[in-house]
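Can you make the complete structure from the sequences, with help from the hints?
For the record, the sequence lines run as chains L and C. Numbered per my numbering, the first sequence spans residues 1212 to 1727. Numbered per my numbering, the second sequence spans residues 1212 to 1727.
In short, the hints are calculated from the structure, not lab data. Keep in mind the model is a prediction, meaning the values are calculated, not measured. It is possible that part of the hints are untrue.
[Stated by the list, open to error] Taking beta-carbon pairs under 8 angstroms as the criterion, some of the chain L residues facing chain C (in silico):
hint: 1; residue: ILE1221
hint: 2; residue: VAL1262
hint: 3; residue: LEU1264
hint: 4; residue: CYS1530
[Said to hold, decoys possible] For lysine-lysine, the following PhoX-like pairs were computed, each having C-alpha atoms within a straight-line distance of at most 20 angstroms:
hint: 5; chain 1: C; residue 1: LYS1256; chain 2: C; residue 2: LYS1285
hint: 6; chain 1: L; residue 1: LYS1219; chain 2: C; residue 2: LYS1256
hint: 7; chain 1: L; residue 1: LYS1299; chain 2: C; residue 2: LYS1701
hint: 8; chain 1: L; residue 1: LYS1235; chain 2: C; residue 2: LYS1659
hint: 9; chain 1: L; residue 1: LYS1433; chain 2: L; residue 2: LYS1463
hint: 10; chain 1: C; residue 1: LYS1308; chain 2: L; residue 2: LYS1503
Beta carbons are placed, not taken as given, at the ideal position from N, Cα and C, and that holds for glycine.
Listed below, chain by chain, are the residues.
2 protein chains.
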Amino acid sequence: MKYEFKVKKIDVESGGKNVIILNKEDAEDLNLSAMDRVRVKDGGKSVIALVDLAESYVKRGEIGFFEEVSKKIKIKKGSKVKLEPVDKPVAIEYIKKKMDGIALNEDEINEIINEVMKEELSDVELTAFITSMYIRGLNNNETISLTKAIINSGSTLKINKKPILDKHCIGGVPGNRTTMLLVPIVAAAGLTIPKTSSRSITSPAGTADSMEVLAPVSLDEKKIKQVVKKTNACIAWGGAVNLAAADDKMIKIRHPLKMDPRGVLLASILAKKKAVGATHVLIDIPVGIGSKVLTYRDAEQLAKDFMDLGTKLGMEIHCITTPGYDPIGFAIGPALEAREIMRILYGEKVSLDLIDKSLVMAGLLLEMGGVAKEGEGRKMAQEILEDGRALKKMKEIIKAQGGNPNIKPEDIKIGKFKLDIFIREEGRIHLIHDKVISEIARTAGAPKDKGAGIYMYFEKGDKVKKGQKLMTIYAESKRKLEAAKEVFDKKVAVELDKVILENFSTETKPIVYDFG
Amino acid sequence: MKYEFKVKKIDVESGGKNVIILNKEDAEDLNLSAMDRVRVKDGGKSVIALVDLAESYVKRGEIGFFEEVSKKIKIKKGSKVKLEPVDKPVAIEYIKKKMDGIALNEDEINEIINEVMKEELSDVELTAFITSMYIRGLNNNETISLTKAIINSGSTLKINKKPILDKHCIGGVPGNRTTMLLVPIVAAAGLTIPKTSSRSITSPAGTADSMEVLAPVSLDEKKIKQVVKKTNACIAWGGAVNLAAADDKMIKIRHPLKMDPRGVLLASILAKKKAVGATHVLIDIPVGIGSKVLTYRDAEQLAKDFMDLGTKLGMEIHCITTPGYDPIGFAIGPALEAREIMRILYGEKVSLDLIDKSLVMAGLLLEMGGVAKEGEGRKMAQEILEDGRALKKMKEIIKAQGGNPNIKPEDIKIGKFKLDIFIREEGRIHLIHDKVISEIARTAGAPKDKGAGIYMYFEKGDKVKKGQKLMTIYAESKRKLEAAKEVFDKKVAVELDKVILENFSTETKPIVYDFG
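Right under this line is the structure:
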């Protein structure tokens, strides 16, 4: 089979994949079904694409190019291309093997990741692979192979220094902006820490979203190297560089079903660390309801797995478990979090939990990097924060990344529409529901609207009195503020214990307070 | 969140699913990622759709409707619709549960199938479900629940007769056109057999494709009932009626990875039988290389599973295992197969294997239906075939379905381009490779070109001499005939044993003959 089709360009993306559209009749003629593969050829260039079908939009003799294919085969509309049948990629056999519970070897895993990178696997096939890894698990060899394949799927930062430090948090805790404190502390001590962070997917802000309030974070590899050369550090958005590229493609599939197969999680995290050239990595594993790891036992096993895999990749791994049931810090949302960080760097004693956690972690990194003796890292970190070296370093980083180093906390713009929520009854804060807090902040506009978010005035365990301010919701538009209030009114964001607990009655339902 | 967007219609199908496109910026504003769900509202009408993203094709403030959504929300382009966020369907929790190895109850399975029918699950989610069923398996209760859910997902034929007979072949054997012989035989004996068949997906012809050479097969439910009322039987295309609708949606996902989880296969087949009202079902399980079931032990277990499930659904099931390693009959391709059937009905002694298998199966159905005594069905079937009652009944069926009842075998149009392949060396036919034969016939144009296909002059075990005609390839265009020849030249379709087998040598490679 070799047929010519006239190109019709469709200015729509097909989600990263190479997809072409054929008329149903033509497809039948060629014995092609939806999701089959064909090779599209134009002279020397060729690309393998998945087939989609149309009844009328694409006429007989035409071929519709989605944007991805248009970019790869640059051709005028109306020109002709040839189609050739292709066999199914061998990767599909390997996926089937994994489904059947047979461990894959390095070559097989490489082949699958290659196909992922070439965008030649359909979502159905990639989902089957990820579901299989979720259900069947990965053994140690498979995990190493997968990690290496992911590392090789993208570029690597080549920074000519040693040691190179890095840290990672397993995620799930809002307001957890330790990175923006510990990076300047660690760098101020003379250690190298080229930090790439993510933007938020489901939370009100990722580290990259908050840092972006202070300086550009979409740095390419060249720029990152420059910044790190000047300052020993950076706080950049990982999505702007092509590190561990296969991981991003898998996350798209893992996200809708929250599939975090152990081996894939390990591979995904450590591949990114290896790709920046890290030699020492600190991993923060928050434990508890609302975070990804529910029990300390699970956390311990995960820590062990990280250390095993890290050793095999030539990295020293240090893991800590931290309480994961409450927001860290009082600010939630990009600008509010950035402002909180700058306040702390300027010496204000706010968000003590956040300061404490950041100092512990910075201290461990200082010890791992060999500039502090065992047990003395935290003290050194505290000195660096308190004597202004951390602030000085943060200013250098902001400047090197292209921001204004003289920005003061009060210069940071917060959403001008706000709503205060007051305590209606005396009690003690029993629980702050992360997910509801996230939803309110996101409905208020975070992370897209930098100034949107929530400022909490109390934390878990605090005693509160009627009339005290519990939180303020900020938004950049009145409409979004109202929408956020609607969420607050409908759901329970904060629960109070009654002060008089001994006053039992037959009423056994938990008493839920709503505020505002 | 409640926002208005201007509708832009996109004349492209999104594979059955409700998909809308938003501009990336708008989506970020709304905290929506690709594959998230939204409710699209226009006055009273609303539909839940999956989100796709565009950078420029859909501008800010616009919403792109793929055809599926355009059909459900009929609105002029340029009009405005509202968007509302929706929570993830609860079905996703159940899919996650199945992934985690927890058996699902009837309500949970119903909910998943409901979501499938509403087109509210993405391919990723549905694939995860099917992969989970493949890996985890289904227990008896789950299989029954799934079968019932599939039955309820479509309509059911209500034919007011008893018993109602049906047969099913697990598939995989080309040229296996027993249905077109046994249906007229069984109906001529006074039994009711409303047969719905599939079109080909990967083979050169399905029963519906072959029958369509003789009469229309795209009959709706009303027409099927009319035809059955008149003739006791029909041979219709299952795709034209809405029986067991959820099954078709799952097949799309199962097809690319050939995922036939046992429970799903059972549910898929018996749901369709129950939906036509069958009381007695004969299931043909071909065993061997090239068919879906490899060993007799597997076939036995499968037969047991069919009988168990059938009993629970109130149907009597009879299973037979048949050899599945060779094409049945000499003709492959819609018109060639239809001509072979008509020859047999007109009394010619061709394709003796096909006649034999059809008579055995028809005989069993006559016994199951209570019109023949045990052990006497085959004889009765043979009489019905030989005395012309089967031909008479077939003419009635052809007429009732809207075809020409007076069609003769020689009236059936075969592709006018043909290529004869001759034997080049004496020997015995050792193997006929189903898959290669299928590929040749499909490349020649089958099933789309009704006249395309292959006629084989020998079968496995036959002694052949140099110069004898082995097969003829037919096509409706010269180009396709040449393409088919190319496949024949490249691949091994038929293998010969050397006649002098005792003449051993150190050459241990199997000797492969190619012809032509």
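Here is how each hint holds up against the structure:
1. ILE1221: With Cβ-Cβ at 7 angstroms, under 8 angstroms, it holds.
2. VAL1262: 11 angstroms, violated
3. LEU1264: At about 7 angstroms, which falls below the 8 angstroms cut-off, the nearest Cβ of chain C leaves the hint on LEU1264 (chain L) intact, so it holds.
4. CYS1530: With Cβ-Cβ at 25 angstroms, over 8 angstroms, it is violated.
5. C:LYS1256 x C:LYS1285: With a Cα-Cα distance of about 9 angstroms, the restraint between LYS1256 (chain C) and LYS1285 (chain C) holds, given a limit of 20 angstroms.
6. L:LYS1219 x C:LYS1256: Not OK: LYS1219 (chain L) and LYS1256 (chain C) at ~33 angstroms, beyond 20 angstroms, violated.
7. L:LYS1299 x C:LYS1701: This hinted pair holds, its Cα atoms lying about 18 angstroms apart.
8. L:LYS1235 x C:LYS1659: 12 angstroms, holds
9. L:LYS1433 x L:LYS1463: 27 angstroms, violated
10. C:LYS1308 x L:LYS1503: Distance of about 17 angstroms is within 20 angstroms: holds.
Checked against the numbered hints given earlier, this structure breaks hints 2, 4, 6 and 9; the rest are met.
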